[in-house]
Amino acid sequence: MLHIEHFGNGWMTPVLAFVLSFIGSVLGLRCAVHAKVSAAPLWWLIAASVALGGAAIWVMHFTAMLGFGIGGVPIHYDVPLTLLSAVVAIGVVLIGLTIVTGGGNEWVTLPFGGAITGLGVAAMHYLGMWAMRVQAVIEYEPTLMVLSLVVAVVTATAALWFMLHVRGLLMTMGAALVMGIAVCGMHYTAMAAMRVRHSESMVMVDGVTPVQLLLPLIATVSLVVTGLVIVVGLAESEFDEKRRPRQPK
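When we follow the numbering used here, the leftmost residue of the sequence shown carries the number 204, and every step to the right adds one.
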């Protein structure tokens, strides 16, 4: 078996991954709040899905992967599969949000939506790992792999519950803190299931390096997050204005 390094850059990558997950969770929760009172809830649910599925989960995964290494073996990523994993992450969060906000008994819709979202998030993780191109054989320890699926479902269910019930800014920050820890926990549980051994094949490895993947990723995410911050900020101001009692003339 080859040695696997999860923290090749020290604590920088896991801390950065958590911060990005926290920010994405805050934005996602605030978007979900506005979806409840907006005349166009679908657009807010889409924005929440991009924030939570894109920034809090998908970007967190690939940021954490910057500290990942396999015994000196070069790592590359297949770009189409990597982008597909982003679509999966955003898509399953949108499906889960649509299920839990569509009415019906919460005792039914929440576990159902959480299961679909959680398994979808786990699929995103393993699809992202499948996009990795290395001259080695990657396998997974079954018990830890199943545990990662359980953690993903529990995390997704908790996230959807927060989306339904969290209102105030202080509660949002607390919920986002829990969500960030849970998402990172799911990621590293799944990574702990990985086993890598030497490959007899000498096939050329294609794809892009982690740094080549990161630079456009940072630029894109920065633009999207900035846009969401502006949109949410404007909506918060309008919401506060409507709630403020009018002074009699």
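Derived by calculation from the structure, the hints in this document are not laboratory data.
Owing to the predicted nature of the structure, the values given are computational and were not obtained by experimental measurement.
C-beta: ideal position from N, C-alpha, C; glycine also.
Please note that the accuracy of each hint is not assured.
Now the in silico label distances, taken between C-beta atoms and shown as ranges [as the list claims (entries may be wrong)]:
(1) A242 <-> G275: 35 to 41 Å
(2) W246 <-> T412: 34 to 40 Å
(3) D409 <-> G377: 32 to 38 Å
(4) W310 <-> V290: 41 to 47 Å
(5) L417 <-> I298: 25 to 31 Å
Here is what the structure says about each hint:
1. At roughly 56 Å, the beta-carbon separation of A242 and G275 lies outside the given 35 to 41 Å, and the hint is violated.
2. For the pair W246 and T412, the beta carbons lie near 36 Å from each other, so the given range of 34 to 40 Å is met.
3. Checked against the hint of 32 to 38 Å, the pair D409 and G377 fails, with Cβ atoms roughly 44 Å apart.
4. Checked against the hint of 41 to 47 Å, the C-beta distance between W310 and V290 comes to roughly 30 Å, which is inconsistent with it.
5. The hint said 25 to 31 Å for the Cβ distance between L417 and I298, and at roughly 28 Å that hint holds.
Figure legend: structure checked against the earlier numbered hints; hints not met, in rising order: 1, 3, 4.
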